[in-house]
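Participant: The task is simple: from the sequences and hints, build the whole structure.
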Amino acid sequence: MTLMEEDPMQSNAAEQHSPIQNIWTSEPMIVENDGVGEISMTTLMTADVGSESSDALPENGEPPSRTEFSLPPVDKGINAILILICGFFVEGCTYGLPLSYSIFQNYYSTQPEFQDAGITSLVSVGALWSGLTLMGAGLVAALSARFSLKTLMYAGSFIMASGLIGASFATNVWHLILTQGVVLGIGSSFVSNAFMPFVPMWWFKYRGIATGIIFSGAGLMGLVTPIAIERSLAAVGFRWTLRILSLFTLVLCLSSSYAVRTRYLPDASGTMRVSFTGKDFRFLTSRKFIILGACVLFQGLGYFIPNLFIQPYALSVGVPVQTSTTLVSVMNAMTVVGQLMLGHVCDRYGYWKALVISSTTASLSTLVLWRMAGSSLTTIFVYVIIYAGFGAGFTTCFPGMVADIADDPNQFVLISGKKRRSGAFMCGCVLIVSLGAFMMLRGTGNIVGNPLGSIFLTTSSSVQAGWNEITYFVGGFLLLSAVFGGIRGIMSIQSRV
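Numbered according to my numbering, the sequence shown spans residues 2 to 498.
No lab work stands behind these hints: they were computed from the structure. Cβ atoms here follow ideal geometry from the backbone N, Cα and C, with glycine treated the same way. No incorrect hints appear here.
FRET-style restraints, in silico, Cβ to Cβ:
1. Thr172 x Tyr473: 35 to 43 Å
2. Thr460 x Met373: 21 to 29 Å
3. Ile494 x Ser462: 44 to 52 Å
4. Ser463 x Thr172: 33 to 41 Å
5. Ser256 x Thr380: 37 to 45 Å
6. Asn173 x Ser317: 23 to 31 Å
7. Ser317 x Ala143: 39 to 47 Å
8. Gly490 x Ala146: 28 to 36 Å
9. Leu248 x Thr172: 16 to 24 Å
10. Ser256 x Arg232: 21 to 29 Å
11. Ile228 x Tyr350: 35 to 43 Å
12. Thr380 x Ile494: 31 to 39 Å
13. Met373 x Phe282: 39 to 47 Å
Facilitator: Have a look at this one:
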């Protein structure tokens with residue numbers, strides 16, 4: 002894409018109108034407020050929407066004409082509310098269901114078809130499912146240059162359903178790895194990562210709490226589904242359970258894909274495509290991104306392990322199966338509290354403080370409470386509540402992180418509609434790319450960390466020694482994540498002094 006040159010007429014307008022914040026970056030945009038909450042922005046229409054040049058002239062040689070359109074207000078209105086509702090269901094399906102995989106894992110280990118599979122193979126299914134959901138963000142960012150975000154959401158909905166249907170016919174563990182792991186993970190990634198750019202379009206002042214509400218869908222889904230899945234597995238087996246889940250996710254994700262709308266098009270088609278060049282990836286070599294990237298990677302290496310291993314741990318120390326399932330539900334439910342609590346911290350005190358609080362508390366609770374829990378059910382429950390309540394809030398920091406990365410006013414992305422009512426609008430281009438990069442790093446940590454956890458259990462001198470090594474692994478990497486979050490905070494403070 003080509004950077005948009007400064008227009009003298011826009012410079013004059015800057016002297017007459019008060020700037021507001023561009024909701025994609027911290028860059029001011031010159032706009033006119035009509036006094037009723039809608040924003041009227043004057044922009045240059047390109048001669049060719051598909052072109053990367055914003056200053057191309059029509060064939061008659063005359064300069065491009067100006068057109069005015071109204072942008073709906075942020076932080077309020079039916080479309081902003083729809084983003085919260087749709088996001089709640091999208092994240093519930095794409096991140097909430099993987100939180101319940103430990104129920105499937107425990108069930109698969111008792112089935113004749115999968116009894117020869119080791120724990121590492123079964124763990125890999127869940128790691129790929131949740132890990133690829135994150136890692137696919139880069140692929141979604143690349144495809145968004147060719148397809149609209151809504152199209153990618155529709156495609157992801159059908160891919161998710163196909164993965165669950167395919168897993169229902171599995172007769173070997175590699176079938177599960179391919180379908181419930183890879184295919185389902187890719188589909189989840191398309192739906193979730195194509196949805197996320199809609200959030201900062203409609204939410205700015207309260208983007209932290211809005212993100213918390215959206216991601217709380219994963220926690221509430223994770224509260225209900227472990228019990229529902231366990232009962233369904235006992236009643237109809239894993240094959241029909243997976244088919245029911247397939248229909249469930251298809252309906253919710255398709256409905257959400259239809260309902261979301263982009264804020265930047267004058268029509269209501271909801272289509273949005275983006276265009277990138279190599280300049281849009283310059284931030285990857287910045288010190289700011291490297292530090293935050295390390296923070297995200299280390300958090301991903303440690304955070305996801307307790308979600309998959311807390312139920313096997315509880316069973317290994319004599320906790321009844323039903324109680325261990327309740328443990329998983331409580332852990333998932335506490336993520337809702339964490340999302341809302343740390344979302345508020347992000348909005349009020351800054352994202353880096355929320356990063357440090359999240360990773361530090363999760364690390365210390367693992368090194369102290371889980372390490373000392375033994376067979377004490379009370380201690381295990383206390384650990385689950387603290388760990389999930391603080392650890393899960395890490396995700397609410399992503400909007401602040403990408404806004405921090407995308408603070409360069411010289412970097413833009415071309416957002417365009419289709420056909421007759423389309424136009425070119427400027428907004429911060431690094432949003433999608435940086436979010437994709439962060440998600441890929443976190444997903445890499447997930448895919449690598451969970452299998453390593455299973456290796457500790459199978460190679461240690463005793464089962465208890467294996468669990469101890471897992472706590473050191475989880476706590477250590479989360480502490481490293483907190484350190485790098487703190488470094489970014491110190492840099493931020495020094496830049497203001």
